[in-house]
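Peer 1: Chains as they are written, first to last, in the numbering used here: chain A, 1207 to 1508; chain B, 1207 to 1508.
Heads up, a few of these hints could be off.
Stated by the list, open to error - A few chain B residues that face chain A, going by a derived Cβ cut-off under 10 angstroms, partial list only:
| # | residue |
| --- | --- |
| 1 | Ser1278 |
| 2 | Gln1317 |
| 3 | Trp1354 |
| 4 | Ser1358 |
| 5 | Gly1360 |
| 6 | Leu1373 |
| 7 | Ala1388 |
| 8 | Leu1415 |
| 9 | Arg1449 |
Claimed, not checked - Which bits of chain B does chain A cover? Going by a derived footprint, with three or more residues having C-beta under 8 angstroms, they are:
| # | stretch |
| --- | --- |
| 10 | 1334-1345 |
| 11 | 1420-1434 |
| 12 | 1488-1502 |
Claimed, not checked - Taking beta-carbon pairs under 10 angstroms as the criterion, some of the chain B residues facing chain A (in silico):
| # | residue |
| --- | --- |
| 13 | Asp1219 |
| 14 | Thr1318 |
| 15 | His1380 |
| 16 | Thr1417 |
| 17 | Ala1467 |
For the record, the hints were derived by calculation from the structure and aren't laboratory data.
Even glycine gets a Cβ: it sits at the ideal position worked out from N, Cα and C.
Residue-level listing of the chains:
Protein chains: 2
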Amino acid sequence: MNVTPDWIALDWDSNSLCAWAMAEGRALAKAHSSDEIDGSTRDGFELALTAVLDGWQVSQQTPVIACGLLGSSGGWIDVPRHAVPCPPLAQGPVPAPSAHFNLHVVAGLRQTTPSDIMHGEETRIAGFLALNPEWDGVICLPGAHTKWAQISAGEVVSFQTYMSGTLASLLAAHSVLRPSVASEDWDQGTFDTTVEEALSKPEKLAARLFTLHADQLLDDAPVEVGRARLTGLLIGAELAAARPYWLGTNIAIIGTDAAAAPYVRALQTQGAPATVANAEPMTLAGLNAAYRRWKDENTPSA
Amino acid sequence: MNVTPDWIALDWDSNSLCAWAMAEGRALAKAHSSDEIDGSTRDGFELALTAVLDGWQVSQQTPVIACGLLGSSGGWIDVPRHAVPCPPLAQGPVPAPSAHFNLHVVAGLRQTTPSDIMHGEETRIAGFLALNPEWDGVICLPGAHTKWAQISAGEVVSFQTYMSGTLASLLAAHSVLRPSVASEDWDQGTFDTTVEEALSKPEKLAARLFTLHADQLLDDAPVEVGRARLTGLLIGAELAAARPYWLGTNIAIIGTDAAAAPYVRALQTQGAPATVANAEPMTLAGLNAAYRRWKDENTPSA
């Protein structure tokens, strides 16, 4: 297949690189790499990107519009972050030095009190707002570092990052809980009661976690129950802390179905319905908005 | 040196094995191994113990009195745990099958609601109570799995395990926080204010953790501050949850100086003074009590 894109959309996170060949606002093709990328030198980034784009008709002039950790310290270029409150795309993408690519990177966001940063989520939020203009409410972006962002009049007013996803994966991989939660499936009833339990006593997290281990040793608790309790304890505590964000407002969750599901369910138990938007189309819509912005800024007016 | 013990005291945890050559209630010598032990077979345990006792005059009749995970499922022998409330040494040590040793193992404790288990801490508690008869209050035993035990009239009334130590070490080793907390030293003032912050909003743990990363990126926060915040957030949240245990009662902490120090300090900021008892002498006093119990039970009465 001959893939000749107008431009390249790029989502580059700490350990994954995803590229789309774009023409007329649509993706002609998609390519990705999950190899660990040697980003210690600029050459490492150039080589990784060259490998991912291999086979597409890309010239040194083809615009490449990127979001993610690529645009942070330790990334390809350290793009200054915009301070909230501001629109998710506060300016056009910033040109990055490159020997082979016409690369432009979307700036991340920062917040002073409490201190916080985001890289990549601002683009998904921009995509969601491009597809849902006039939308106000709170957007949750689940992941290793789940973000909650308060949106009003097209701006990110404030945001907050929770390390719940990191805690879940570290405990499941490296702690005494490993055998108690070794399941992809989770028991729904246990999840619901655990979310309630965590919402009413969120401070008990570190103690409740150990009960998963004790339950398995003393009562031979099934792994689906253990997995449901691990996820329920962490998301319940997160909802307790994020309550000022989600209570009594529109809630959208941007993520994969698997990442969104426990949040949707947990919010449901609290009588708070959430809409789910799949992450990939939001990323593409956001990068598309950034591309149009770049084009407007780089087209001489008549 | 010719070491001829009356009996051997043994503390065998998941990844460390410590032995003392005992005579007349005193330790003549100490030996330990931190090699990973192949406990998948009984032979693995026998070999590891033989290696540690090498050089001492130990016969197949020399009593070996042990505590720790050795006496749990996956250990040398799965000794049934005693249900609290009960004395920390609810019975004499239980004989364990061995080709080469006269081995006896102290039983762990269990609790039904909330479900919990301990292996080894009951021996340190028994040692503390042997040295401090009539003592009532709460005993905290810091570690990867910190235990809080409520003691009354010589019994463990209830206990609770917190995974705060595990969370701290996993986050410091395997998360985005690693460079922000890469310090053995910690800033005392930051620790004090962080404990206060965590005690007043313990549910914010997963969000506050991410601020360590943001603070380093945005403000170049020193690692001593990051380490103080990590420890302060986890211990503050733990104190919030354990408040019914420690409020208005005697508090003793059994641990190494390094493990006890942040707990002592955090409790101090709450106007709750704690005494510290070093772990090793408590373990020895507890195993000594278990040995006397074994001797009484195995000496024919006149």
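Peer 1: Are the hints correct? Go through all of them and say.
Peer 2: Going down the list of hints, with the structure as the test:
Here the hint on B/Ser1278 is kept, as its CB sits about 8 angstroms from the closest CB of chain A, short of 10 angstroms. Nearest Cβ of chain A to the Cβ of B/Gln1317: about 8 angstroms, under the 10 angstroms cut. The hint holds. Hint status for B/Trp1354: holds, given a least beta-carbon distance of 9 angstroms to chain A, under 10 angstroms. Interface hint status for B/Ser1358: violated, as the beta-carbon distance to the closest one in chain A is roughly 20 angstroms, over 10 angstroms.
Checking B/Gly1360 against chain A by beta carbon gives a least distance of about 24 angstroms; that is not within 10 angstroms, so the hint is violated. For the restraint placing B/Leu1373 at the interface with chain A, the shortest Cβ-Cβ distance is roughly 6 angstroms, inside the 10 angstroms limit, so the hint holds. Because the closest C-beta pair between B/Ala1388 and chain A is about 15 angstroms apart, greater than 10 angstroms, the hint is violated. This hint holds: B/Leu1415 has a C-beta 5 angstroms from the nearest C-beta of chain A, less than the 10 angstroms allowed.
Because the beta carbon of B/Arg1449 sits about 9 angstroms from the nearest beta carbon in chain A, less than 10 angstroms, this interface hint is met. For the stretch 1334-1345 of chain B, the stated coverage by chain A is violated: 0 residues have a C-beta nearer than 8 angstroms to a C-beta of that chain, whereas at least 3 were required. Taking a C-beta to C-beta cut-off of 8 angstroms, the stretch 1420-1434 of chain B contributes 5 residues in contact with chain A, enough for the three needed, and the coverage statement holds. Counting residues of the stretch 1488-1502 of chain B whose CB lies closer than 8 angstroms to any CB of chain A gives 0, so the stated coverage by that chain is violated, three being the minimum.
The interface hint given for B/Asp1219 is violated, since its Cβ lies 12 angstroms from the closest Cβ of chain A, which is over the 10 angstroms cut-off. At its closest, the beta carbon of B/Thr1318 sits 8 angstroms from a beta carbon of chain A; the interface hint therefore holds under the 10 angstroms criterion. For the restraint placing B/His1380 at the interface with chain A, the shortest Cβ-Cβ distance is roughly 6 angstroms, inside the 10 angstroms limit, so the hint holds. A least Cβ separation of about 5 angstroms between B/Thr1417 and chain A falls short of the 10 angstroms threshold, and the interface hint therefore holds.
The restraint placing B/Ala1467 at the interface with chain A is violated, with a minimum CB-CB distance near 19 angstroms, outside the 10 angstroms limit.
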